[in-house]
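Asks: Order-wise, the sequence lines are chains A and B.
Residue 1 is where the first sequence starts when you use the working numbering, and the numbers rise one by one after that.
Residue 1 is where the second sequence starts when you use the working numbering, and the numbers rise one by one after that.
Among the hints, a few may not be true.
Below, a sample of chain B positions facing chain A; criterion: calculated Cβ distance under 8 Å [stated by the list, open to error]:
| hint | residue |
| --- | --- |
| 1 | 43 |
| 2 | 45 |
| 3 | 48 |
| 4 | 90 |
| 5 | 106 |
In silico DSS-like cross-links for lysine-lysine, where the CA-CA straight-line distance does not exceed 25 Å [to be verified]:
| hint | chain 1 | residue 1 | chain 2 | residue 2 |
| --- | --- | --- | --- | --- |
| 6 | B | 40 | A | 98 |
| 7 | A | 37 | A | 71 |
| 8 | A | 71 | B | 41 |
| 9 | B | 38 | A | 98 |
| 10 | B | 22 | A | 37 |
| 11 | B | 40 | A | 37 |
| 12 | B | 53 | A | 98 |
No lab work stands behind these hints, which were simulated from the structure alone.
C-beta: ideal position from N, C-alpha, C; glycine also.
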Amino acid sequence: DQQVKQNSPSLSVQEGRISILNCDYTNSMFDYFLWYKKYPAEGPTFLISISSIKDKNEDGRFTVFLNKSAKHLSLHIVPSQPGDSAVYFCAASADTDKLIFGTGTRLQVFP
Amino acid sequence: DTEVTQTPKHLVMGMTNKKSLKCEQHMGHRAMYWYKQKAKKPPELMFVYSYEKLSINESVPSRFSPECPNSSLLNLHLHALQPEDSALYLCASSLSGSGGPLSSYNSPLHFGNGTRLTVT
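From just these sequences and the hints, can you work out the full model?
Replies: Listed below in structure tokens is the structure:
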């Protein structure tokens, strides 16, 4: 039972445009959400997080939006850069040490 | 550079071997984690140590044995593995863990670059 899903396995965006990555979850107890970026042969790198008491968090080019009623979060990257090309994972936890990862979306930013 | 260091980077072992994976962090983090990642899949949680005590075991087979000698070190002892155990093994740490003074504070996990394990 996949509690955190990323329904788009891949996304292709032109450099300079906005990248929007989506994530859906089923467990209403989740209260902390994160986005990670992963390059091949490296561990996931933390990008940005959001607590369930907020609906938006921004850090530079990265903004995460949370819609609790829809059990949906999204990551916006603007402007997109070729170095952003990687696999992006959303993750969620429910006030425990257990972090559940989504299935991942491969983002490709082309010139 | 990652602040969570894993050794070795690559490991090939036979099904009768005993080996250990090592993880180290010096960020003062009090929770440490082992995740397993197969190709084209998300990382899957195996074990969590919080304040040097095992807090989560995700029903992992006993051929995987974790150990936390101190708050900076985490080991994963491997014995009698199967070829399907071949995967990328990721260690992570976070500032807070359950059962401690910061247990209500959410903090992100910081990952090492993993050990690529092949069981032959």
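Asks: All the hints need checking, so say for each whether the structure fits it.
Replies: For each hint, the structure was consulted:
{"no.": "1", "hint": "43", "result": "holds, 5 Å"}
{"no.": "2", "hint": "45", "result": "holds, 6 Å"}
{"no.": "3", "hint": "48", "result": "holds, 4 Å"}
{"no.": "4", "hint": "90", "result": "holds, 5 Å"}
{"no.": "5", "hint": "106", "result": "holds, 4 Å"}
{"no.": "6", "hint": "B:40 with A:98", "result": "holds, 21 Å"}
{"no.": "7", "hint": "A:37 with A:71", "result": "holds, 21 Å"}
{"no.": "8", "hint": "A:71 with B:41", "result": "holds, 22 Å"}
{"no.": "9", "hint": "B:38 with A:98", "result": "holds, 19 Å"}
{"no.": "10", "hint": "B:22 with A:37", "result": "holds, 23 Å"}
{"no.": "11", "hint": "B:40 with A:37", "result": "holds, 14 Å"}
{"no.": "12", "hint": "B:53 with A:98", "result": "holds, 15 Å"}
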